[in-house]
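S.K.: Here is what each chain is made of, one letter per residue.
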Amino acid sequence: MKSLGYVLLTALSAAGLWAIGVRFSEGLAATHLTQHVPWGLWISLYIYFIGLSAGSFLLSTLIYVFGVRRFEPVGPLALLQALGCMMIGLFLIWVDLGKPSRFFNVFFYFNASSVLAWESVLYVLYTAIILAELFLLLRPALARRARDGVRPAWLYRTLAFGTNVPDEAWIARARRRVFALGLLGIPVAIGVHGGTGAIFAVVKSRPTWHTGLFPIVFLVSALASGGALLTFLTAATSSLPQDRKIDIVKGLARFTVGILALDLLLLVSEMLVVFYGGMPAHIAGWQQILFGPFWWVFWGVQLVLGAAVPLVLVAAPRTRSSVRWLGLAGALVVIGVVGVRLNVVVPAQIPLEFAGLPDAYHHTRFAPGYFPSLNEWLVGLGTVALFVWPFLLSRKVLPLEEAV
Amino acid sequence: MDENRPGDPATAADTPVDRRTFLAAGAAAVAAVAGCGHVQPRDPSVRWGMIIDLRRCVGCKACTVACKAENHTPPGVAYNVVMEEETGEYPHVARRFLPRPCMQCAVPSCTQVCPTGATWSRPDGIVAVDYDKCIGCRYCIAACPYGARSFDFGDTYSPDLNPHERRPSPEYGEHRSREKGSSPIGNVRKCTFCLHRLAVGLSPSCAETCIGHAIHFGNFADPDGRCTVHGESLRELLATRGHMRLKEELGNEPSVYYLT
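For the protein sequence lines, the chains are A and B, in the order given. Numbering follows the numbering used here, in which position 373 of the first sequence is assigned residue number 438; successive positions increment by one, without gaps. Numbering follows the numbering used here, in which position 21 of the second sequence is assigned residue number 26; successive positions increment by one, without gaps.
Rather than coming from a laboratory, the hints here were simulated on the basis of the structure. Just so it is clear, the structure is predicted and the values come from calculations on it, not from any experiment. Please note that the accuracy of each hint is not assured.
[As the list claims (entries may be wrong)] Mimicking EDC-like on lysine to aspartate or glutamate, the simulated pairs with C-alpha atoms at most 16 Å apart in a straight line are:
(1) Lys-252(B) with Glu-418(A)
(2) Lys-66(B) with Glu-213(B)
(3) Lys-185(B) with Asp-160(B)
(4) Lys-269(A) with Glu-254(B)
(5) Lys-66(B) with Asp-424(A)
(6) Lys-269(A) with Glu-253(B)
(7) Lys-310(A) with Glu-137(A)
(8) Lys-269(A) with Glu-258(B)
(9) Lys-66(B) with Glu-90(B)
(10) Lys-315(A) with Glu-137(A)
(11) Lys-185(B) with Glu-91(A)
(12) Lys-310(A) with Glu-466(A)
Build out the structure end to end from the sequences listed, making use of the hints.
M.R.: Put into structure tokens, the structure is as follows:
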């Protein structure tokens, strides 16, 4: 089972590397993006991972800011997860740029009226906060390992900035700093993902995006996906004693489905208002989501797999106390939210600005509709696979369970 | 702008900078960069615009072809296209045509969302793209309500580039050759009302080409402004004919009017 997983991961990583190579030699010609659907799979995955990250980070603030001691053992894991997902998200939006080598122009020529410009700054600040928190939490354990000569010693020495084990006063200070960073991190994380929602919400040319509910929906589904991933990873990889583990996994799973229910409420509200109003441009995007060629993403992935089944698993007496079943529920929500993100990005762009555009100029880049190319799939999945390696490695070498 | 250079030794030596001053100066600098980095004041005497007479348009698409030839645009990139609509049922059928260049909005959605300010409103009202600043994020394409912007995916008409493709595009007077990996490949491109032609006193090539004299072009800011191609008074055209602008409800204030 385990070796099969590694074979799959290696294959996906290799395919991903090849596809990334092709993407950089061919440019975005390797994609099936069009002039009508300029944002596709990579942007969907980008907002998905930014959401996972923000959700995981906000969960960590439950522990470090609001003092929910119950979840303390998984705090560093939540932060590591927030960091890893952020890296995947940033990599994917970078790959998506027509001119990746110029990404720094966003900082040099910062345009203050652009949500995307502000987000770029927030992403950097946010990543710095996560790194600082992880350092403060892990330094004592890292320094202990460096002092005791645990291999690889150079790694621990570097990460802990030497072999001096911090004293109690340092640890007390670190705790206060983690609290302060977490407190600062709350508005930043809300800005990171609510703002990512705002990138879409401010676009009036795509009426399905243009609603004030959008940034809120982004945040809520981010919390759901972050909680779900933490549920799954804790269930699958944590080395905590079984009774502690089941307690934490149960708490996380309940938190996740609670948030999920709120997410569904917002979804229903938006849909009711749009369909009641009946404005063609507003309805068009939703019709794509509900009855378009990829209707099954909404009904199958998003609703059944990503919401209904996890809700049942967390509620049913036979499954609600099992680490395995709850871990599965978490995994299902994590997959379901991929559907949510795809349905955020793509269907809203399918209705044309003018019905006559595709026939005005015949070319595949002006054709209506969108389905990702093989390259887009391989780059997307391969990127995830490639980032699983450093995650597995850090899970192994970082003393996450010995944090202060 | 650059009068007080921070690194100037004469000032740096005798005025110690405390933290408050430093922060205030920093905040002011950020505000200055953020607030007016890309906004150039409008020139009240020039506002280029188009008046397209839909009754004269025969749907020949010569404007699309002229535009592609003039700007050397690759396949899959078109600045001006002609949309067609068929209404009614045989034998009572009508066919209507609607050329769609860039609207050169007075309140453009594209410049608002551009993270780098690479696309910007010129003082004469034309929305331009700085190919060297553009990172190719395509936010402007998503934001444009008129579908008027295209991304240059790098496609070519022939694998080894025909002679016409090899010639540099005169866009923005920059004469860039379209070579793999260099701008404008990977950038977002758009109609500029043929800025490079305006600069030498010519009219946009679509207006010049139109066989039905359907595309009028001129300076809307001039009360006596006349079409630079056919000589009609622009104000008279709008005053005597019914006219409209596309998606008026969005508030983008397009500079392209349609006579109906």
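S.K.: Now, for every hint given, state plainly whether the structure supports it.
M.R.: For each hint, the structure was consulted:
A threshold of 16 Å between alpha carbons decides the hint, and for Lys-252(B) with Glu-418(A) the separation of about 10 Å falls inside it, so the pair holds. Straight-line distance between C-alpha atoms of Lys-66(B) and Glu-213(B) comes to about 13 Å, which keeps the hinted pair within the 16 Å bound. The straight-line distance between the Cα atoms of Lys-185(B) and Asp-160(B) is roughly 10 Å, inside the 16 Å bound, and the hint therefore holds. Distance check on the hinted pair: Lys-269(A) and Glu-254(B) sit about 11 Å apart at the alpha-carbon level, within 16 Å; holds.
For a cut-off of 16 Å, the pair hint linking Lys-66(B) to Asp-424(A) stands: about 12 Å separates their Cα positions. Restraint check for Lys-269(A) and Glu-253(B): the C-alpha separation of about 13 Å stays at or below 16 Å, so the hint holds. Taken as a hint, the Lys-310(A) and Glu-137(A) pair is honoured in the structure, with Cα atoms around 12 Å apart against an allowance of 16 Å. The straight-line distance between the Cα atoms of Lys-269(A) and Glu-258(B) is roughly 14 Å, inside the 16 Å bound, and the hint therefore holds.
Annotation: proposed proximity of Lys-66(B) to Glu-90(B) holds, straight-line Cα distance about 14 Å (limit 16 Å). Of the pairs offered as hints, the one joining Lys-315(A) and Glu-137(A) holds, with about 14 Å between alpha carbons and a cut-off of 16 Å not exceeded. Restraint check for Lys-185(B) and Glu-91(A): satisfied, since their Cα atoms lie roughly 9 Å apart, inside the 16 Å limit. About 12 Å separates the Cα atoms of Lys-310(A) and Glu-466(A), which keeps this hinted pair within 16 Å; it holds.
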